[in-house]
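*Asks:* Chain residues, written in single-letter form:
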Amino acid sequence: MTLIDYLSTILLIAGALFFLAGTLGLLRFPDIYTRLHALTKADNVGLGLIVIGLALQSESLASAGKLILIWLLVMFAGASVSNLIASGALQRGIRLWKR
Amino acid sequence: MYFYALIGVGLFSVGLYALINYAHLLRKILALNVMGSGIFLILIALAKRTGETQPDVVPHAMVITGIVVAVSATALALTLMLKLAAETGRAELSEKDRD
Amino acid sequence: MQAIYFLLALFLLLNLIAGMWRVLRGPTAADRMLAAQLFGTTAVAILLIVAQATGDPALRDVALVFALLAAVTAVAFVRRAWPDEDPRHDTD
Amino acid sequence: METLTLLALSFDALLNLSLLYLAWILLNCEDLLKAIVLFVAFGLLMALAWVRLDAPDVALAEAAIGAGLTGALLLTALAKLRVIETNKGTTQQLKQDSENFQTLHYMTPLALLLVAIGLGYVVFSMPPISAGLSNDVATNMGNSGVSHSVTAVLLNFRGYDTLLEMFVLLVSLLGVWSFGSTTSQHETTPGPVLDTLTRRLVPVLILVAAYLLWVGAHAPGGAFQAGSVLAAAGVLLLLMGWRPGGYLSTLPFRLILVAGPGLFAITAALLYLLKGQLLAFPVEYAGIIIFALETTATLSIAVILAALFLSEPPHSDKEHI
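Chains as they are written, first to last, in the numbering used here: chain A, 1 to 99; chain B, 1001 to 1099; chain C, 2001 to 2092; chain D, 3001 to 3321.
By construction, these hints were calculated from the structure, which means they are not laboratory data.
These figures come from a predicted structure and were not determined experimentally.
Just so it is clear, CB atoms sit at the ideal spot from N, CA and C, and this is done for glycine as well.
Each hint should be verified, as a subset may be incorrect.
Computed footprint of chain D on chain A; a stretch qualifies when at least three of its residues, placed anywhere within it, have a C-beta under 8 Å from a C-beta of chain D [stated by the list, open to error]:
| # | region |
| --- | --- |
| 1 | 71-77 |
| 2 | 80-91 |
Computed from the model, here is a short list of chain C residues facing chain A with C-beta under 7 Å [to be verified]:
| # | residue |
| --- | --- |
| 3 | Gln2002 |
| 4 | Phe2011 |
| 5 | Ile2017 |
| 6 | Met2020 |
| 7 | Pro2027 |
| 8 | Asp2031 |
| 9 | Arg2060 |
| 10 | Val2078 |
Using the sequences and the accompanying hints, generate a full structural model.
*Replies:* Below, the structure is given as structure tokens:
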């Protein structure tokens, strides 16, 4: 394994750990508003790390660019959709979780 | 590869069961779609019996055609369901309507 | 590297299946849709990793289409099918 | 190598079992909305299964249609159904009726088990190694005009499948239109976030559709995938509240609608007259013919699918009969 291989392995594993955090958040958080964080924050960071890890390995600049483009699209769509879900949930009177 | 084909058979049977068992038409439409997916899975899994070489692409082309036909049939079926519901108030086929 | 790719793909698939519990459990319709959305992101990650592992760049196109179409389903949910929730079951 | 096989095998096992479990749950759960969301997740896992079975073309079609358009179609239909039920006051009655249908004849599971065993037996009795038509495809690839085998099969070797399919799409749209319009839903203003999302996403969808159409000549992609992605752009606009209105009945729209099947049928007829065979493309022109057919097919598929989603017949303001 080369230095690049080690670097991308570390990035990929870190990304997978963020996905794990996202899943745990989805399962354990108490209400819809907190669970939205799992979608928008943890998973998008996880995907970003995986994308960077794979981009280091990719054969050409164009395919690395495509990977980054996919990540940006997922982030943009995820952020918009979670905003829509959160405002929809507020409108429908879903209460915020209080300790 | 027989594993996937076997799951295809399982999906077909589960879909057929739901198709017979439930009166609600939306559920029947979902069941038909699941049955279709089962058949596609059998076709594509059996297309991989070419040994070490590329799988047989003719079933692949047939399944792509099938997926598009399935979505148009679903759209037509949903419209029929809505029309029936608008007439009778219920999206179900029940014994009472048989007169 | 191959083993690492496959291990990561398997790990992400496990994540995705664990997330299924939230779709089944709810409690609100929005929770289910949110979890399905999360499946989309995880599936994109799995596809990208498998694309690298098998050397099939076409799978990146599949991931791209996934990323785009998941948003369309979510918009359809928010604009059309989201029912008025019963406020009694809003926390877990 | 050992670990790799083991990892791949556990991936397959996990994927397969969750597919079957998901199908069972989605077909048997009480809440229809939950069933539809589960169906969307099911489509997602199906796309992963296609990838594992070396069928990236099918995975693309499934990602665009199974996980995207079908979900939007089902969710919209459910919303319309709820409106109808509320107007008719039949929500309560429906619940009671469904309970009556829960009682199942004891023979049904038994008969289904027999069906499953029979199908499983047939699958297992197939010869374990069979080239199918893959050798024929490989030897004729040079004459097909494209370098991607699935596109060659769809547009050249079995072009009549695609020809008939275009007509199936058109007929199903005519079927939907012949029922007249269903309940029109109250549409709220989209708000700034949804507005921005649509404005950014629709151009990207159009671009990706064009890319998929172009790439289809030498890699997974092609008319169906491109058409479905383009249709998704239309669906997004329709979800925003855009209504084509009278435009649906104008001549350009109707021409786009029939361009795909029409051009296909004309090509078939011409080739039959000239060469005595349906859709037997002359080798030197095969590439350009396929490109023309695919482009018009993409446009027609996109418009037909989006119109199926709208499911309202065109009405021109001039006609008052």
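*Asks:* Now look at each hint and say whether the structure bears it out.
*Replies:* Results for each hint:
1. 71-77: holds (count 3)
2. 80-91: holds (count 5)
3. Gln2002: 11 Å, violated
4. Phe2011: Holds. Min distance 5 Å.
5. Ile2017: Violated - the Cβ of Ile2017 of chain C stays beyond 7 Å from chain A, reaching only about 10 Å at its closest.
6. Met2020: 10 Å, violated
7. Pro2027: 9 Å, violated
8. Asp2031: 6 Å, holds
9. Arg2060: Status holds, d = 6 Å.
10. Val2078: Given a least distance of 5 Å, the restraint on Val2078 of chain C holds.
The structure shown violates the earlier hints numbered 3, 5, 6 and 7.
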